[in-house]
Amino acid sequence: MEPAVNTRTARWGSYVVAFLITGLIFATALYASNYFNNRRIADIQATQDNISIDILSLETQFDLLAEHSCADISENSVLSNEIQPLASRLSYLESQNGVNQDELARLKRYYSLLQIKDLLLMQQVANKCHLKPVFILYFYSNKGDCKDCTEQGYALTGLSQKYPTLRIYSFDYNIGLAALQTLIDIHDVKDEMPALVINNKIYYGLHTMAEIEKATPELAKLATSTATSSKTK
Amino acid sequence: MTIGAGFTYGLLFISLYFEVFLLLAYLRNRFSKAVAGPVAGALPRVAVVVPCFNEVRTVEGTMHSLLSLTYPHELIEIIAVDDGSTDATLSALRTFESDPRVRVFTKENGGKHTAMNLALANTSADLIGCLDADSTVAADALMHIAPVFDNELVCAVTPCILVKEPETMLQHMQNVEYRLSIFNRFILAVIGSVFITPGPFSFFRTRVVRELGGWRHAHSTEDMEMALRMQGAGHLIANAPRAIVHTSTPRTLRALFHQRVRWTYGWLRNAVDYRHMIGNGRYGNLGIIVLPSALISIAAGIYFFLRIAVNALISLKDEIIRIEYSGLYPHMSFDIFFFNTSTMMFLVFVSVGLIFALICAGSFIGTGSRRPPLSTPLFLLFYSFLVPLWLGTAVVRAVFKTGVSWR
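Protein chains in written order, with my numbering: chain A, 1279 to 1511; chain B, 19 to 425.
One should not assume that every hint holds.
Unchecked claim - To give a feel for the contact side, a few chain B residues facing chain A, derived at Cβ under 10 Å:
| no. | residue |
| --- | --- |
| 1 | 36 |
| 2 | 203 |
| 3 | 206 |
| 4 | 255 |
| 5 | 259 |
| 6 | 308 |
| 7 | 314 |
| 8 | 372 |
As the list claims (entries may be wrong) - No more than 16 Å apart at the CA atoms, straight line, and that leaves these computed lysine to aspartate or glutamate pairs for EDC-like:
| no. | chain 1 | residue 1 | chain 2 | residue 2 |
| --- | --- | --- | --- | --- |
| 9 | A | 1425 | B | 229 |
| 10 | A | 1425 | A | 1491 |
| 11 | A | 1440 | B | 342 |
| 12 | A | 1395 | A | 1337 |
| 13 | A | 1479 | A | 1489 |
| 14 | B | 335 | A | 1372 |
| 15 | A | 1421 | A | 1372 |
| 16 | A | 1479 | A | 1496 |
| 17 | A | 1395 | A | 1327 |
| 18 | A | 1406 | A | 1341 |
| 19 | B | 335 | A | 1489 |
As the list claims (entries may be wrong) - Which chain A residues stay away from chain B? Per the calculated CB distances, all over 10 Å, these:
| no. | residue |
| --- | --- |
| 20 | 1299 |
| 21 | 1308 |
| 22 | 1339 |
| 23 | 1383 |
| 24 | 1392 |
| 25 | 1396 |
| 26 | 1407 |
| 27 | 1410 |
| 28 | 1416 |
| 29 | 1423 |
| 30 | 1424 |
| 31 | 1429 |
| 32 | 1463 |
| 33 | 1480 |
Please keep in mind that the hints were generated in silico from the structure rather than gathered at the bench.
Yeah, the Cβ is synthetic: ideal placement off N, Cα and C, and Gly gets one too.
Work out the full structure: start from the sequences and follow the hints.
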């Protein structure tokens, strides 16, 4: 390379071109990020559609129960396996910048509705087939007024891993969905997050895994039944 | 968008803008060849000063490399100045006095600038340069520098500095950093904005140095101050990338930290002394973009490091809480859904990609090969976490004007 030397005279054209290229890089980064966020939203929509089909299938199964025995429908087959990953995906999107908030809120409302449908049908299946599942309804708030919601979410995640057949439904208290409001009214849940409804009994404040296990002796049976079925297999 | 996010994007924009600006200048130079090359003429008389303070381990290698220079013997003198060494440096230097090109001076310790000024007072050479006693030069290095002074407007020429025999991982990372510096030094010469004339083998027109009053202490970074003073006086500083110098670099983090705190401290204090140039259109590219960007890069380095450190601590705290409440330990997940595709992440990738391009360009300028050193990934991954350590320390010390020592 030959020696380099030059006067320091500013070439304003260079500044403008560099500015335009830098602006273009920023615009491209913004576009790429939006593109992948939209892909994620489309992914969640597809998953929710699958869950919707699952629930329709569940309803159909339930209607058929009148003509078939409970042996034809298992407790584990009705709840879509996709619901739990969906919750973590929605939670991840909530933590990301640049996500269309209206679209995200719509997805969350849809998710809440699917959970309520699942809950109602599970309750009916349980009554009809004399099953004794444990339901936990978890109400949280994302408005910054719930300092223990993160920890409560972790504790419930731990419980769901420990007891795979445990039914945990989580709801954003402020999502603004009429069906959810009705559920809140039915259980008379006050605006004090986090709130847990475990087999129709309300608990406010943070509850650890141990405290929930202590308050719900039925959980021990779930664990036992899981262990037994595993051994049988 | 929060204020913090806006500030982060602002700093990222400025950093990217500067990288793009330099790359554009490089590409324009490559295609238009609008670079002032040397004009053939009679070679000038040259004095090479070797300031030494306790350099007995390395000074012999330095002297041997100078004596091997392919420069007419009658036109070069080597002035070795023992700056009050307490080891055997002086006796090591005396062994070279038998060569008619070598003169040895000794004095009380006063710092590098005093050694340079002593040599300046005792030479009649047209050009005066310096070679730190921890560096060696390629035999033809001076032949690539001296002719550049045929351009009467040029008053200083900087060389191409490579790391001498890197051994430790830290030295290999510095090897990559020096490739980046080769690019910077070259491209700053292309836009007329060199603001450092590094110790290893930079040369100056003796007359101009005398007119400017010789070297100053300049917060232990006399090479930076001299360049700023020359720029202020309207002189041109060139870069001769074929003039190869190999310099020893710190082997340990402690030594590197000390060296870089001194450099950054000196730069900050000199920036205060020459603040009239910053943002001043009279100084062209140097005032408008180079000096402001150099200062902002220090702020950006510290800010990004703190931001990453704080986020990492918050994530660690969250993870501990998660384990405590869920009883679940973290496990590797490769769900593509959770890959970070934020705008910030894309911009960071682009920025790292541009730095990689600059390293390749630096390698091409310095070695003729576009292939960067093998340790480039190490540099890109880890070095940016080291730099803020000395940047932060230097900023604090500059604020409190603590001063810095050479060793």
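Okay, the hints, checked on the actual structure:
1. Given hint, residue 36 of chain B at the interface with chain A, holds; its Cβ is 8 Å from that chain's nearest Cβ, closer than 10 Å.
2. Annotation: residue 203 of chain B was flagged as interfacial toward chain A, and the flag holds, the nearest CB pair being 9 Å apart, inside 10 Å.
3. The beta carbon of residue 206 of chain B comes within 9 Å of a beta carbon in chain A, closer than 10 Å, and the hint placing it at the interface holds.
4. At about 7 Å, the closest approach between the beta carbon of residue 255 of chain B and any beta carbon in chain A falls short of 10 Å, and the interface hint on this residue holds.
5. Checking residue 259 of chain B against chain A: minimum C-beta separation of about 4 Å stays under 10 Å; hint holds.
6. For residue 308 of chain B, the suggested interface contact is upheld, since its CB lies about 9 Å from the closest CB of chain A, less than 10 Å.
7. Among the interface hints, the one on residue 314 of chain B is violated; its C-beta lies about 14 Å from the nearest C-beta in chain A, farther than the 10 Å criterion.
8. Interface restraint check: residue 372 of chain B against chain A, minimum CB-CB distance 9 Å, threshold 10 Å, status holds.
9. Taking the CA atoms of residue 1425 of chain A and residue 229 of chain B, the gap is near 69 Å; set against the 16 Å cutoff, the hint is violated.
10. Using a Cα cut-off of 16 Å, the hinted pair residue 1425 of chain A and residue 1491 of chain A is violated, with the two alpha carbons roughly 22 Å apart.
11. Proposed proximity of residue 1440 of chain A and residue 342 of chain B is supported: the alpha carbons are some 15 Å apart, at most 16 Å.
12. Taking the CA atoms of residue 1395 of chain A and residue 1337 of chain A, the gap is near 9 Å; set against the 16 Å cutoff, the hint holds.
13. For the hint pairing residue 1479 of chain A with residue 1489 of chain A, the CA-to-CA distance comes to about 14 Å; that is within 16 Å, so the pair holds.
14. Using a Cα cut-off of 16 Å, the hinted pair residue 335 of chain B and residue 1372 of chain A is violated, with the two alpha carbons roughly 20 Å apart.
15. Simply put, residue 1421 of chain A and residue 1372 of chain A have alpha-carbon atoms about 12 Å apart, close enough for the 16 Å limit, and the pair holds.
16. Of the pairs offered as hints, the one joining residue 1479 of chain A and residue 1496 of chain A holds, with about 14 Å between alpha carbons and a cut-off of 16 Å not exceeded.
17. Simply put, residue 1395 of chain A and residue 1327 of chain A have alpha-carbon atoms about 14 Å apart, close enough for the 16 Å limit, and the pair holds.
18. Restraint check for residue 1406 of chain A and residue 1341 of chain A: the C-alpha separation of about 11 Å stays at or below 16 Å, so the hint holds.
19. For a cut-off of 16 Å, the pair hint linking residue 335 of chain B to residue 1489 of chain A is broken: about 23 Å separates their Cα positions.
20. At roughly 5 Å from the closest C-beta of chain B, the C-beta of residue 1299 of chain A falls inside 10 Å, breaking its exclusion from the interface.
21. In this structure residue 1308 of chain A is not separated from chain B by more than 10 Å, as the shortest Cβ-Cβ distance comes to only about 5 Å.
22. Under the 10 Å C-beta cut-off, the non-interface status given to residue 1339 of chain A relative to chain B holds; the minimum distance is some 30 Å.
23. For residue 1383 of chain A, the shortest C-beta to C-beta distance to chain B comes to about 19 Å, beyond the 10 Å cut-off, and the non-interface label holds.
24. With a least CB separation of 19 Å from chain B, residue 1392 of chain A remains clear of the 10 Å interface cut-off, as annotated.
25. The Cβ of residue 1396 of chain A sits about 22 Å from the closest Cβ of chain B, beyond the 10 Å cut-off, so the non-interface label holds.
26. With a closest Cβ-Cβ approach of about 31 Å to chain B, residue 1407 of chain A is found to remain outside the 10 Å limit, as its non-interface label requires.
27. Distance to chain B confirms residue 1410 of chain A as a non-interface residue, since its nearest Cβ pair spans about 25 Å, more than 10 Å.
28. The Cβ of residue 1416 of chain A sits about 13 Å from the closest Cβ of chain B, beyond the 10 Å cut-off, so the non-interface label holds.
29. The claim that residue 1423 of chain A is not at the interface with chain B holds, since no C-beta of that chain comes within 10 Å of its own (minimum 19 Å).
30. Listed as a non-interface residue, residue 1424 of chain A keeps its Cβ farther than 10 Å from every Cβ of chain B; the least gap is roughly 15 Å.
31. Some Cβ of chain B comes within 10 Å of the Cβ of residue 1429 of chain A; the nearest lies about 5 Å off, and the non-interface call is violated.
32. Remark: the non-interface label on residue 1463 of chain A is consistent with the geometry, its nearest Cβ contact in chain B lying 30 Å away (cut-off 10 Å).
33. Its beta-carbon lying about 20 Å from the closest one in chain B, residue 1480 of chain A satisfies the requirement of being farther than 10 Å from that chain.
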